Amino acid sequence: MPANLDELKQRAKAIRIEILKSTTEAGSGHPSSSMSAAEVVTALYFGGFMNYDPKQPRWPDRDRFILSKGHAAPVLYAAMAEAGYFPKDQLMTLRKLGSPLEGHPNMNRLPGIEASTGSLGQGLSIGVGHALAARVDGKSYHTYVMTGDGELGQGQIWEAAASAAKYKLDNLTCIVDRNHYQQTGAAEDVLNMDPIDGKFAAFGWQTQVINGNDMEEVVTALERARAVKGQPTCIVALTRKGQGMLKLLAKLSDENFHGKPVKPQDLDEAIAEVEATA
Amino acid sequence: MAGASSALQSKRAIGKATRDAFGRALEALGGDYPDVVVVDADVSNSTRTEWFGKKFPDRFFNIGIAESNLVGIAGGLASCGKTPVIASFAAFILCNAYDQLRMAVAYPKLNVKVVGSHAGISIGEDGASQMGIEDVSLACSLPGFVVIVTADEASTNAATKAILDYKGPVYLRTGRPDVPKVYTEDSAPFTIGKANQLRDGKDVTIIAYGLMVASALDAADELAGKGINARVLDMHTIKPLDREAVLAAARETGAIVVAEEHLAHGGLGSVVAMTLAEAQPVPIRYVNLGDSFGESGSPEALLEKYGLTASKVVEAAEAAVSAKNA
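As you go down the protein sequences, you meet chains A and B in turn.
When we follow the working numbering, the leftmost residue of the first sequence carries the number 1, and every step to the right adds one.
When we follow the working numbering, the leftmost residue of the second sequence carries the number 279, and every step to the right adds one.
Do not rely on the hints blindly, as some may be mistaken.
[To be verified] BS3-like, lysine-lysine: derived pairs with alpha carbons at most 27 Å apart: (1) B:LYS439 to B:LYS504; (2) B:LYS504 to B:LYS289; (3) A:LYS199 to A:LYS251; (4) B:LYS445 to B:LYS480; (5) A:LYS96 to A:LYS139; (6) B:LYS517 to A:LYS139; (7) B:LYS294 to B:LYS504; (8) A:LYS168 to A:LYS199; (9) A:LYS13 to A:LYS260; (10) A:LYS55 to B:LYS387; (11) B:LYS289 to B:LYS583; (12) A:LYS199 to A:LYS247; (13) B:LYS333 to A:LYS168; (14) A:LYS139 to B:LYS333; (15) A:LYS55 to B:LYS445; (16) B:LYS332 to B:LYS480; (17) A:LYS13 to A:LYS88; (18) A:LYS96 to B:LYS387; (19) A:LYS139 to A:LYS168; (20) A:LYS251 to A:LYS263; (21) B:LYS517 to B:LYS459; (22) A:LYS139 to A:LYS9; (23) B:LYS517 to B:LYS480; (24) A:LYS168 to B:LYS332; (25) A:LYS260 to A:LYS247; (26) A:LYS139 to B:LYS289; (27) A:LYS166 to B:LYS333; (28) B:LYS332 to A:LYS166; (29) B:LYS332 to A:LYS139.
Please keep in mind that the hints were generated in silico from the structure rather than gathered at the bench.
Given the structure is predicted, the values throughout are model-derived calculations rather than measurements.
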């Protein structure tokens, strides 16, 4: 089914705004790492790529999304609230004691979370487990895993990549949120993993490199991934960390914006920028 | 010296290695437990999961020498309703993949059965790098994990069924060499969290797991000749500890020996001492590896050198009884 691009773009904006509001309310969290992934997560949940039922979050035939870069939990929570897993006002309880919206996703606290993540490099292996379970059970669900680019420094990613190729897991898609920044600087400077697509291809994956902040490219890439047979797919989504509030970040000259929420006095400006961004 | 034999030289009949018993039990139970899947990090012919793999090839995956990925995949399979059994050397699966056990299994409380084979110095000639001597401590530090070490073939057979029936994360340690039979039947009494009292006694209690249970029984025989009446507990479940059995032992015998093929720190000795210190302090002595790696050598020579023998258990029991009577 062709996704309605305008509607998806509007949803991505709404999700970005919820990311900003919830992290500013929490006073901590990773809005910039969440905002880079907004198009991909929006497309997955609202572009017709995942079958799910918020009323039955453990429905065995559902498609899965595993957020390996667990610090981007706010984008996942915002998408889940938009999808109806829980009321939107609950987003404002992010990171507060007693809230199921923990700083990093906890599958035992929030139905609909597919894996507890937050220690980097592990999500793709868990996704391989989901994909193998589908095979053992003769089910046709698809498992999507999103990793960060800095996260590719973890060797376990490549263990998982090799095992997914060995078992020809065409029911598995890995999306690398290539936002170019990790905790202490540019991902290329901390540990250069280029070419990322070349590495996955060398392990036996189908690969695509796209503009991950362009909804049309994201939708097209996910459609192609679904059509691949006999091998897993990796989509390297080239994104901008903090996409949607780049002008604000430039104005604040905040070169190290990893893991920092927008200050309350800057929130309106950030939201206005998201709304004004095409 | 008479009666001072090592575990492997016990006068008791020698049975199969616990890894063999586990492998046969898993193979035999595979048909009754259709949700069981086995993932292997290319050591299935050592851990014995290969027997399951040959019988149920559609439920067996060898993902190569990659313990971190192994544990992560198991977490994914478990969250889809499977009962993954993953086995590797105890040293590798606990030490290499500890964060994965913590994040992908323990934190989400998933139904994964982690089996660590080749534990302890009794693996022999391969040496220290292959010897899991801290695995019990590490597994006990994983919130929500059940931690089991079986003494022989029969108890391993029973434990394998018990852990498949149990819903939740479990660590089961197995060993490489053939070990003396502690239980005479094919299947031993086995309830997770409930110690088996193998011998009653009033002067001292020897609490042991793994191959040290046979040594404890041999030691009890020798102590009887010296007029010391020793109770013997097979503490096959280290976590959750059978607190009642430990407190009753302290109350009724007044002295405790803990014998284990493990480092001193964080093993059963630590757990028992913590329990007694809080509720029923009595003299306690330990037989373990102390704070030391092993080395290459025959299993018998290593057990002798590192003091994991019936005679060391006897000495410890005599010391505990003396302290009680001092």
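Results for each hint:
no. : hint                 : in the structure
1   : B:LYS439 to B:LYS504 : 40 Å, violated
2   : B:LYS504 to B:LYS289 : 19 Å, holds
3   : A:LYS199 to A:LYS251 : 36 Å, violated
4   : B:LYS445 to B:LYS480 : 37 Å, violated
5   : A:LYS96 to A:LYS139  : 37 Å, violated
6   : B:LYS517 to A:LYS139 : 37 Å, violated
7   : B:LYS294 to B:LYS504 : 32 Å, violated
8   : A:LYS168 to A:LYS199 : 16 Å, holds
9   : A:LYS13 to A:LYS260  : 20 Å, holds
10  : A:LYS55 to B:LYS387  : 23 Å, holds
11  : B:LYS289 to B:LYS583 : 20 Å, holds
12  : A:LYS199 to A:LYS247 : 33 Å, violated
13  : B:LYS333 to A:LYS168 : 23 Å, holds
14  : A:LYS139 to B:LYS333 : 23 Å, holds
15  : A:LYS55 to B:LYS445  : 25 Å, holds
16  : B:LYS332 to B:LYS480 : 49 Å, violated
17  : A:LYS13 to A:LYS88   : 15 Å, holds
18  : A:LYS96 to B:LYS387  : 22 Å, holds
19  : A:LYS139 to A:LYS168 : 15 Å, holds
20  : A:LYS251 to A:LYS263 : 13 Å, holds
21  : B:LYS517 to B:LYS459 : 23 Å, holds
22  : A:LYS139 to A:LYS9   : 31 Å, violated
23  : B:LYS517 to B:LYS480 : 25 Å, holds
24  : A:LYS168 to B:LYS332 : 21 Å, holds
25  : A:LYS260 to A:LYS247 : 16 Å, holds
26  : A:LYS139 to B:LYS289 : 54 Å, violated
27  : A:LYS166 to B:LYS333 : 21 Å, holds
28  : B:LYS332 to A:LYS166 : 19 Å, holds
29  : B:LYS332 to A:LYS139 : 24 Å, holds
Going through the hint list in order, the structure does not satisfy hints 1, 3, 4, 5, 6, 7, 12, 16, 22 and 26.
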